[in-house]
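Visitor: Start from the sequences and build out the full structure, keeping to the hints where you can.
Protein chains in written order, with the working numbering: chain R, 310 to 532; chain Z, 310 to 532; chain L, 310 to 532; chain F, 310 to 532; chain V, 310 to 532; chain C, 310 to 532; chain U, 310 to 532; chain G, 310 to 532.
Hints should not be assumed to be uniformly reliable.
What the hints assert, rightly or not - One side of the interface only, derived from the structure: several residues of chain F facing chain U at Cβ under 8 Å:
#1 Y382
#2 H383
#3 H443
#4 L449
Unchecked claim - Restricting the straight-line Cα-Cα distance to at most 30 Å, the calculated cross-link-like pairs of lysine-lysine (DSS-like) are:
#5 F/K454 - Z/K454
#6 R/K393 - R/K374
#7 U/K447 - C/K447
#8 G/K454 - G/K430
#9 R/K454 - Z/K447
#10 U/K393 - F/K451
#11 F/K447 - F/K430
#12 F/K494 - C/K494
#13 V/K379 - Z/K356
#14 F/K494 - L/K494
#15 Z/K454 - F/K430
#16 L/K368 - C/K447
#17 L/K374 - L/K392
#18 V/K393 - Z/K368
#19 V/K379 - V/K393
#20 U/K494 - G/K368
#21 V/K374 - V/K447
#22 Z/K394 - Z/K375
#23 G/K494 - R/K368
#24 F/K379 - F/K368
#25 F/K454 - V/K379
#26 V/K447 - Z/K368
#27 R/K356 - G/K447
#28 R/K392 - R/K356
#29 C/K374 - C/K393
To be verified - Which stretches of chain V does chain Z cover? Using the computed rule of at least three CB atoms under 8 Å from a CB of chain Z, they are:
#30 431-437
#31 441-451
#32 486-498
No lab work stands behind these hints: they were computed from the structure. Every residue, glycine too, gets a C-beta built ideally from N, C-alpha and C.
Protein chains: 8
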Amino acid sequence: MKKLYEDIGFAKIDHHRQIRKGFPEVIYCEGKTPEQIAHIAYSISRKGHDVLATRADRKAYLAVKKILNKAKYHETARIITVKKKWTVVSGEWLVSIVTAGTADLPVAEEAAVTAEFLGIKVERIYDVGVAGIHRLIKNLPKINKSRVVIVVAGMEGALPSVLGGLIDKPIIAVPTSVGYGSSFKGLAALLTMMNSCAPGVAVVNIDNGFGAAVMAYSIVRLF
Amino acid sequence: MKKLYEDIGFAKIDHHRQIRKGFPEVIYCEGKTPEQIAHIAYSISRKGHDVLATRADRKAYLAVKKILNKAKYHETARIITVKKKWTVVSGEWLVSIVTAGTADLPVAEEAAVTAEFLGIKVERIYDVGVAGIHRLIKNLPKINKSRVVIVVAGMEGALPSVLGGLIDKPIIAVPTSVGYGSSFKGLAALLTMMNSCAPGVAVVNIDNGFGAAVMAYSIVRLF
Amino acid sequence: MKKLYEDIGFAKIDHHRQIRKGFPEVIYCEGKTPEQIAHIAYSISRKGHDVLATRADRKAYLAVKKILNKAKYHETARIITVKKKWTVVSGEWLVSIVTAGTADLPVAEEAAVTAEFLGIKVERIYDVGVAGIHRLIKNLPKINKSRVVIVVAGMEGALPSVLGGLIDKPIIAVPTSVGYGSSFKGLAALLTMMNSCAPGVAVVNIDNGFGAAVMAYSIVRLF
Amino acid sequence: MKKLYEDIGFAKIDHHRQIRKGFPEVIYCEGKTPEQIAHIAYSISRKGHDVLATRADRKAYLAVKKILNKAKYHETARIITVKKKWTVVSGEWLVSIVTAGTADLPVAEEAAVTAEFLGIKVERIYDVGVAGIHRLIKNLPKINKSRVVIVVAGMEGALPSVLGGLIDKPIIAVPTSVGYGSSFKGLAALLTMMNSCAPGVAVVNIDNGFGAAVMAYSIVRLF
Amino acid sequence: MKKLYEDIGFAKIDHHRQIRKGFPEVIYCEGKTPEQIAHIAYSISRKGHDVLATRADRKAYLAVKKILNKAKYHETARIITVKKKWTVVSGEWLVSIVTAGTADLPVAEEAAVTAEFLGIKVERIYDVGVAGIHRLIKNLPKINKSRVVIVVAGMEGALPSVLGGLIDKPIIAVPTSVGYGSSFKGLAALLTMMNSCAPGVAVVNIDNGFGAAVMAYSIVRLF
Amino acid sequence: MKKLYEDIGFAKIDHHRQIRKGFPEVIYCEGKTPEQIAHIAYSISRKGHDVLATRADRKAYLAVKKILNKAKYHETARIITVKKKWTVVSGEWLVSIVTAGTADLPVAEEAAVTAEFLGIKVERIYDVGVAGIHRLIKNLPKINKSRVVIVVAGMEGALPSVLGGLIDKPIIAVPTSVGYGSSFKGLAALLTMMNSCAPGVAVVNIDNGFGAAVMAYSIVRLF
Amino acid sequence: MKKLYEDIGFAKIDHHRQIRKGFPEVIYCEGKTPEQIAHIAYSISRKGHDVLATRADRKAYLAVKKILNKAKYHETARIITVKKKWTVVSGEWLVSIVTAGTADLPVAEEAAVTAEFLGIKVERIYDVGVAGIHRLIKNLPKINKSRVVIVVAGMEGALPSVLGGLIDKPIIAVPTSVGYGSSFKGLAALLTMMNSCAPGVAVVNIDNGFGAAVMAYSIVRLF
Amino acid sequence: MKKLYEDIGFAKIDHHRQIRKGFPEVIYCEGKTPEQIAHIAYSISRKGHDVLATRADRKAYLAVKKILNKAKYHETARIITVKKKWTVVSGEWLVSIVTAGTADLPVAEEAAVTAEFLGIKVERIYDVGVAGIHRLIKNLPKINKSRVVIVVAGMEGALPSVLGGLIDKPIIAVPTSVGYGSSFKGLAALLTMMNSCAPGVAVVNIDNGFGAAVMAYSIVRLF
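Guide: The structure is reproduced here in structure tokens:
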């Protein structure tokens, strides 16, 4: 029987995840040292899996790069990837990533790079927040071509509600910590999205671009 | 010198408010007995002022009616009025009251009746929430004719943000306690409105239709 | 051109929603009188659409029944339906509804009845919470046959995290207000689900069985 | 037809806002790099519009200054402006900006500079908090000459309530994050202002001097 | 040695408190049955102490009255007293109780009756909230004659801050749950009072008129 | 192989729990109908297990009683038991249950009855809160004889901290919802206990007497 | 007539406060530049008043020292004083300052230095928290000699409750931000103190040693 | 009589704690200077007790090391120990420390080092979170050998609930501040653990590894 996980002392790498979830264990870098990250990345790579590490800073990247020289750093997304071959499934696996503002870019890119890592074709539609709704409406035809829509918004986070009234595709809403004062680091946007009067919207954690991409992946891979 | 207030034991009626604020003291009924409400109403009326009592139930109305037989009960608005003559200043004092849903009606009517009591001409535009944005856009010309716009919304409370991006009139946003779960009795809508990315929006307390109307009045009476 | 909505005074019925969203306007009953509910139901039915009214009590049902005698009351789900013909798309549109406990039933049934109203075939798997995880594991094969999984849980709301580690289907998590003390009416479960360490989970509002079903519908109708 | 917005990759500049809202798109600098800010500023300026950038640090200023040499940095207000001609509409457009304490100055200046940028004549009345109410009363005649009053206060945020009882002008209340302990970064002041017993008060987000100025502008431009 | 307490099964009566604190154990009625209340009252009375029971409804009163026929019910204050002789120490023990509004009366009366029970002479100054500050200023001379000032206010709770800037007496602030929406049952008033910019103010629990009176008592009995 | 659970439609009874946890499945009655409760109780009883049902009202009791005539209702504890033989393990399994006040009794009794159901000998020490610390100190010798101490306290919940500094036994702290105002239904007591400066204290949910008893049971059964 | 305040542009110095409140305006340094602090200090000193500046860092001290060479920096208390003559009123004005732990020292010293500045004789009793209650009881006689007791405590903040049950002096409770996790920067201690079951306790803001001292001063100066 | 504590000015060392609690006073380093820490450590050591200092940085360690050259720094655990002889009681005092993820290590090690300091034999089982439940199940036999289980988890904190359903040992749950967004620095995990549907779980403060170890110690020392 294939071993379910590998014990490397401070961590137990879940090599079995590829089978259960359709993609390998992902490294969440916060709270881990560059050395730990490189160690885990090496262990995953050695098994023949591609590596995805989120919330990574440049130091973590350099530590991984030293061991796995195909490592690539996606700066805005704060992601390290080690991937043998980037291919995307066009058409059927098309996912739009829509942002309300420019400050939402890092979260949107975390979603976009994760999605592309998983083979999803991504359509980026940035800075179409509700304060200038004509920008959103202009982009509706493009959004409607995709199978799933990820909507990234901070401040009052109203974009998923509005978009949810206009299209019939599943919307994965990502509140961001963009804002100040009573935005309470994304809580305002989170509550807005939770209470959306437009159905067909489900929400992931504040700033969780990665989670939104995996949710989208769990849908498109049904095809 | 004119006496600034009248002491009736449990309360001090501020008869001077008409001069300072442009309208007489208003009775907020919650936490007061029908007898206390009737007593205060009588005291205000005796000075020649019109009477407005908010958050009033039918019992309070009957207590007032017994003493002041011109008293009128506005059921949906939960307001008692005793007014010599209802006149509205059309045109210059036109205020729109816009709601997201049908359940926001009691708050909207509290605003509407208060506004009419103060002589404002009101345009009611109800049930145009963002989940069906064509209903809102269809009504934009009507909204644009008014000088001030009161927007009443519960649940995610996104309507002021969207409207704030479309019109250049001052918007007074009223979050309502309509909703459930993580709406937390209006907190979600309140935070949404506070964090509106569209400028030109200011917010009053949850369910405070009365306050929105007085804010609107403080603007239109500048003319 | 087809009229986008119908104005019946206190409400504007969005008959166009069928086209935009794939299903007609739904009546959310809280905060509406039985008369208003019956009026809206009639207006929707007259256009040839089926009627779905959520959070309905028996009084609302009787008011609708008087006008539309095909009306049916789903007691546990607190739903009124008026539907010409109940048909479900088996196989491709199969959705599992999984609950942690018995007290989560009303929310689960709101999801189930809504889903069936929308033509979805539903597999009910109730009372398989994490305190007796063998019950969950026993039911995994059944869950894995469905395309989308709705997970309903109160108290600590850990079920979506655990299930998310075991299956690769999209999970729509519904926190419920079941619990007491520091469950804070579902807030604890909501936060748990938001912070799920297992990806492929997205969350709707506390007790929002309806919203979960529509999200599932937005996914299965892609097929 | 005039193009509604310009797409510069990471942002979509809303050049149409001048028409809809009466002033051009404003740059909110937080979460944007100096290069992005300069790029957007250039794009706005090239269309012949004046530039206003809020929450800007000195680095952002230097980046803008390099491209647009008329750029000016308002240090206390943390604002960059690029404006062809500063003119103010005296009298009719007079707005008072009142602060409770000295520590509220940055927010007050954000409001003041924004207002002046929009052509409003500003009367600054600083440090008249309720702990020494004679300072406030002394300044009442000056405040009463203005059309709209912006009140900026942190800590317990009681100033708008007190002022709201004394004057009949619309008050825009701005809670600030000044304070410590249970001020919870402005939450205490925000709640105080929301619950003001004096009507004629509406509230914007914590530290949102900019929003207060635009709300005032939306009122004075009615004249 | 005198026994420190008496064990009556479900409770341990602290008869020693008279010595340690200067007044006997007080009965807080919420969560106790009328029978338990009567039992404790009897036990205290039998030792020769006067009885004070707060948060008492009429049922509790009747149960006590049956056993101790000198029992008296103070309805607005929701207090039961059994007291041999009511005497107050005038002058030196004078305490003012000031309220912002009429709805604050029950809390103010809880403070007043408790104070009088403890021998304090009370000056009631009700309904002088900040929305009509002339009412407060008119009463300043009367307030200044007292040694300690209890200020009772709900909604935004600004009264202690304003009064704290005008007088040099110790102020005990009592937030009340009067208000709605974002008053969050007194939390807004509590935070306001906590963050008072005027020093010389200390705060007791929401609606805790009893606690305020005992705090005042602990001060005046120093004389 | 023994079946792990029994499926009765709306519930899956975990008959295997006796083996895994040392006691049978317990019925949490809130959110269940009397009929459901009786049904589950019957199913557990039929397997030869004793029945414990918490948060039960009298209606639930009568429904169970009709089917299982040995059913007993513990009113203060709100517990239904059906138990063949009540035996307690004295000495080694001795657990003290200490309360701060009289209003904490229902929670304390839920713990006490549950403990006795599980065979634990219980020492009840009620009404020894920190406001009269001599009552607590007087009872220390008795408390010290037990192996585990359950401390039940509402309001400020300081009792576990004080007791934790005086004894070396494991303390299970139970915050209760007793209190008002800023006790926020037990949140204040919960936070106090969480932040106890005395080590050797662990906390269960607000009002969770049952959970405290099971935690104590998991300790004493180690012997 | 004596001028009520002095306008120095960014601030209005309240020279009249000495008369109203018994002590001069105090400088709260957070949010002010060293230059502003020095400017205000100079303005106060020039009028013949002593200077007290709280929350001051060393930079502010050096700026003040340059202008007023009698300035003294109290490091632990983070206070600058400029005082002609330090005298304390012994006996009648004796105030105890009691802390739970060593980490509460900065707040306790802010209270102590402020008190001494106001002429109060201070008894420091530090590190007598409830986890070792014998330390507290040992110091009771000393505490009982003082007229007012200031109690400073972080973490669970139980000390005022315990002390409040043991002495009959007025207690001013100061929650501190000492702690971690669910202490939420002092919120836990604040709520504990608010809900104290021992009467005779009133609370000031988190870390507000200054406010506690002024409250104590407002009491002792009654003598 | 043995002196109960030693007064070293800024602190009162509780040398009596060894007798009351079974272990000496522990130094909590946050908010103390390296000099204060070294001073207290020296005072404890001089009495012949071992020294344990938690939340210590390297500076504190160096200050202690200078005075007590047997001092040892446990880096991941952030603990300083000065211990004459490390011995552990195997078998009977066996405690498992289980973590959900790698980022929970510092808290787990604080628990582990504290436990070992107190003579407990520790079994470390790290990185077995619910997202890969086979890792947990694989380690069940090892966990079941221990007497008490400490479970350390951040993010959604579901591990104690799941483990609580599988084993019959007392579980001490430690929420950690690992996570982001709506984890609110450990609040989400804390609430999850509080609301655990599996009984036999009690919770300590966020990141309080030390407290968990002492709670475990209070249990195992019963043997």
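Visitor: Taken at face value, is the distance from the CA of R/K374 to the CA of R/K393 at most 30 Å?
Guide: The given pair, whose Cα atoms are some 14 Å apart, holds under the 30 Å limit.
Visitor: Mind checking the alpha carbons of R/K392 and R/K356 for me, to see if they're no more than 30 Å apart?
Guide: This hinted pair holds, its Cα atoms lying about 13 Å apart.
Visitor: Starting from U/K447, check that the Cα of C/K447 is at most 30 Å away, please.
Guide: holds, 18 Å
Visitor: Are the Cα positions of F/K379 and F/K368 separated by 30 Å at most?
Guide: holds, 16 Å
Visitor: With the threshold set at 30 Å, check whether the alpha-carbon distance from Z/K394 to Z/K375 stays at or below it.
Guide: holds, 20 Å
Visitor: Is the Cα-Cα distance between L/K374 and L/K392 30 Å or less?
Guide: Satisfied, since the Cα-Cα distance of roughly 13 Å is no more than 30 Å.
Visitor: Please verify whether F/K454 and V/K379 have alpha carbons no more than 30 Å apart.
Guide: Between F/K454 and V/K379 the Cα gap is close to 62 Å, so the pair fails against 30 Å, i.e. violated.
Visitor: So if I understand the rule, the pair passes when the alpha-carbon distance is 30 Å or less; does F/K494 with L/K494 pass?
Guide: holds, 26 Å
Visitor: Next pair to validate is R/K454 with Z/K447; report whether the Cα-Cα distance is within 30 Å.
Guide: holds, 26 Å
Visitor: With the threshold set at 30 Å, check whether the alpha-carbon distance from F/K494 to C/K494 stays at or below it.
Guide: holds, 25 Å
Visitor: Taking 30 Å as the top limit, are the C-alpha atoms of F/K447 and F/K430 close enough?
Guide: holds, 21 Å
Visitor: With a C-beta cutoff of 8 Å, work out whether three or more residues of the stretch 441-451 of chain V approach chain Z closely enough for the coverage to hold.
Guide: That given contact holds, which follows from 4 residues of the stretch 441-451 of chain V lying within Cβ reach (below 8 Å) of chain Z.
When held up to the earlier numbered hints, the structure conflicts with 1, 2, 4, 10, 13, 16, 18, 21, 25, 26 and fits the remainder.
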